[in-house]
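Construct the entire structure; sequences and hints are all you get.
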Amino acid sequence: MFSRQSKQIFPAWVRYALLPALALSMFSVATAADYPQPGDLAKGSMLWAENCGRCHQVRNPQDLRDDQWITTAFPMSIRAGLTGGETRDILTFLQASNAVIPTAAVTVTSVTVATDAPVQSGKEIYTQTCVACHGADGKGALPGAPDFALASGPLAKSDDALTQSILYGYQSPGSPMPMPAKGGNPSLDESGVAAVLKYLRDTFSH
Amino acid sequence: MTKTSKKLRLGFLALAAGLLLPGIVLADAEYDALQAQVRDLAAQLEAVQRTLAQIEQKQEEIPGTQETAIAALKQDIADASEWRTPNSLIHLAGYTDVGYINPENGDGSFAVGSFSPIFHFQYRDIVMLESELEIELSPDGETELTLEYLAIDYFLNDYVTVVAGSFLSPIGQFRQNLHPSWINKLASAPPGFGHDGAAPTSDLGLQLRGAFPLGEMRSNYSVYVSNGPELNAVFEDDEFELEGIAAEAFGADADGEKVVGGRFAILPMAGLEIGVSAVTGKATVTGLEDEDTGEVTEIEGAIARDYDVVGADFSWMWKNLNVRGEYVRSKVGEALTGTTASEGATWKSWYTQAAWRIPATKIEAVVRYTDFDSPHSSEDQQQWALGLNYLITNSFIVKGTYELNDGIAGSRADNDRLMLQLAYGF
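For the protein sequence lines, the chains are A and B, in the order given. My numbering runs 1 ahead of the 1-based position in the first sequence. My numbering runs 50 ahead of the 1-based position in the second sequence.
Source of the hints: derived by calculation from the structure; they are not laboratory data. Just so it is clear, CB atoms sit at the ideal spot from N, CA and C, and this is done for glycine as well. Any given hint could be a false lead.
Once the Cα atoms are required to be at most 25 Å apart in a straight line, the calculated SDA-like pairs of lysine to any residue come out as [claimed, not checked]:
{"id": "1", "chain 1": "A", "residue 1": "Lys44", "chain 2": "A", "residue 2": "Phe205"}
{"id": "2", "chain 1": "B", "residue 1": "Lys369", "chain 2": "A", "residue 2": "Ser173"}
{"id": "3", "chain 1": "A", "residue 1": "Lys44", "chain 2": "B", "residue 2": "Trp368"}
{"id": "4", "chain 1": "B", "residue 1": "Lys412", "chain 2": "A", "residue 2": "Ser173"}
{"id": "5", "chain 1": "A", "residue 1": "Lys140", "chain 2": "B", "residue 2": "Pro409"}
{"id": "6", "chain 1": "A", "residue 1": "Lys158", "chain 2": "A", "residue 2": "Ser192"}
{"id": "7", "chain 1": "A", "residue 1": "Lys44", "chain 2": "B", "residue 2": "Ile324"}
{"id": "8", "chain 1": "B", "residue 1": "Lys369", "chain 2": "A", "residue 2": "His207"}
{"id": "9", "chain 1": "B", "residue 1": "Lys369", "chain 2": "A", "residue 2": "Leu156"}
Residues from chain B shown here face chain A by an in silico Cβ test under 7 Å; the list is partial [as the list claims (entries may be wrong)]:
{"id": "10", "residue": "Leu139"}
{"id": "11", "residue": "His141"}
{"id": "12", "residue": "His170"}
{"id": "13", "residue": "Gln172"}
{"id": "14", "residue": "Glu180"}
{"id": "15", "residue": "Asn227"}
{"id": "16", "residue": "Ile233"}
{"id": "17", "residue": "Ala261"}
{"id": "18", "residue": "Asn270"}
{"id": "19", "residue": "Ala320"}
{"id": "20", "residue": "Ser365"}
{"id": "21", "residue": "Arg407"}
What follows is the structure in C-alpha cells.
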C-alpha cells in the first residue's frame with residue numbers, strides 16, 4: 002500500500018497546483034523558437050489565404066508542427082515569391098493555428114458575456130481575423146469555409162454552439178480545413194467572440 | 051498479644067489469602083496478556099518507524115517541496131524545448147504516386163510513378179539545403195535513381211535568396227511549381243513540358259531569387275547563370291538533324307558555354323500572377339542518337355549554336371476556380387560547319403488549364419488543352435485532357451484523367467489514354 006502511493010511522487014494537490022505553471026511553460030515552449038522574428042498575425046492569415054492555394058490545395062495548418070512549418074515556409078517563400086516579411090507573417094499565422102482542435106465537444110456550460118464594451122468592434126475583428134478565410138461576403142474565401150449566408154449554414158446553430166466553435170476551433174467530419182481556435186488569433190477573448198458573433202448574425206443572416 | 055487477637059490475625063490472614071490468591075492468579079494472566087500486547091505494539095511501532103524512515107529517505111531522494119518540484123518540471127520542459135527548437139531543423143517531405151494506364155491501342159498496366167523524397171535541412175533563418183530524389187521503376191523492372199535537385203539556399207535578406215547548385219528550371223510554372231503528382235491536377239504533364247520537350251527542366255548553376263513590392267502590387271524575380279543544356283543529333287536521310295534538347299542539370303559543362311536566364315512576375319491583385327521568362331546562351335551537340343535503337347553515343351567537334359528560350363505564364367485563382375496557362379518556345383540555331391552541321395530547330399508548346407472544385411464537396415473537375423509543336427512532325431500533338439479528381443485530403447488525391455490525343459495518324463502522339471492515379475504528398 003505504501004509502495005503504491007510512493008510511486009506518485011507528488012501529492013495530488015501539488016500536481017493540481019502545478020498545472021497552471023505547466024500550461025504557462027508549455028506556452029513558452031510553443032513559441033520558444035527565437036527565429037525567425039514573429040510576424041503580424043492578421044496580415045499572415047490574409048497572405049496565407051491569398052497565396053498558399055495558388056499552386057496546390059491550401060494545406061491545413063494542422064498538417065505540420067511549429068518547427069516543420071519553419072522548414073516548409075522558407076522553401077515555399079522561394080517558390081511563391083514572398084518577401085521575408087510576408088513569410089514571417091504567414092509563419093506566425095500557421096504556428097498559431099495548428100493547435101489540436103478538441104474533437105469531443107468541449108462543453109462550455111455558461112458563456113459569460115462580458116458587459117464592458119470590447120476593445121474592438123465585431124466588424125474590426127471580422128475584417129482583421131476572419132475575413133481571410135470567410136471572405137468579405139461571408140460566403141467563404143477558401144475550400145472548406147462555410148457559407149454564412151445560407152439559411153441552413155452554421156448561423157442556424159445556437160450562440161452557445163458557435164461561441165464554442167470560435168473559441169476552441171471546429172472541424173466537421175471529413176472537412177478539408179478546420180476552423181482554428183479563435184481564428185488563430187490568441188488575443189481574441191470572450192467579449193470579442195460575442196461581438197464578432199453578433200456581427201456575423203447582423204451582417205450575414207437573413 | 052492475646053490469644054484472641056492472634057486468632058483474629060490468623061483469621062484475617064486466612065481470609066486475605068483466600069481472597070487474594072485467586073486475585074494473584076488472575077493478575078498473572080492479565081500481566082501476560084498485557085506483556086504480549088506491549089510486545090506487539092513495540093513490533094508495530096518499529097515497523098511504522100522503519101516505513102517512516104523509508105519514506106523520509108525517499109522524500110530526500112525526490113524533490114519533496116513544491117518549489118523543487120516546479121524546478122524539476124521546468125527543467126524537463128526546457129529539455130523538451132531544446133529538442134523542439136534547436137538551431138538545426140531537419141524535415142523530410144516529398145510525394146509519391148501509383149496508378150493504372152490504359153492506352154487506346156495497347157494493354158492496360160499498373161504502374162508506380164515515382165517515389166520522390168525531399169530533404170530539408172535548415173540552420174536558423176540563414177541557410178537551407180533542399181534536395182529531391184526521384185526513384186522510379188523502369189518498365190523492365192530496374193530501379194532508377196535521379197537527383198531532381200540539390201541546392202543550398204542562402205537567405206541573404208528579405209528580398210534576395212541565393213540558390214546555388216542544381217535547381218528546377220525557374221522558366222515558366224509547370225516544372226518548378228506543378229509537376230509533383232499531388233499538385234498536378236491531371237495524371238500527366240502537358241506535352242512539351244516533360245523531359246526532352248520544349249521547356250527546360252533543371253539547371254546547374256547560381257540563381258538569385260526573391261520578391262519585392264511594386265507600389266500596390268507584388269512582384270517576384272529569378273535570375274540565373276548555369277551550365278545550360280546539351281543537344282542530341284541524329285543522322286537521317288544522309289544528313290544530320292537536331293533530335294532534342296537535353297535541358298537538364300548536367301554535372302559538368304561539356305561545351306564550356308554558359309546560359310543566363312530568368313523569370314519576372316507581377317501579382318497585380320490577390321490570386322493573379324503573370325510571368326515572363328527568357329534564357330539565352332549557347333548549346334552544343336554532344337550526343338549522336340542512333341536512328342533505330344535510340345541509343346546516344348558521345349561525339350566531339352560540334353560547334354556551339356545559339357540557344358534561346360522565351361516563355362509567358364499566368365495563373366488565376368478565384369474562389370473555387372483555378373485557371374492557368376503557359377507558353378514556352380525553345381529555339382536552337384543552325385551550325386553551318388563542324389560535325390553534325392545542320393539547320394536550326396524550334397520546339398514550342400502552350401497549354402491552358404481550368405480546374406473547378408465543386409463547392410462544399412471534395413470533387414474537382416479539370417480540363418486542359420495543349421498544343422505541342424516539335425521539329426519532328428511525328429511528335430507534334432494536340433491534346434484535350436479531361437480530369438475528375440477526388441480530394442481525400444488536401445494532399446492525398448484520386449485522379450482520373452482521359453487524354454484525347456491528336457497527332458500524325460499511327461504515331462504514339464495520336465494514341466488516346468486513360469489514366470487512374472493515386473497521389474500522396476507528405
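Self-check item: Hint check, failures only
Solution: none
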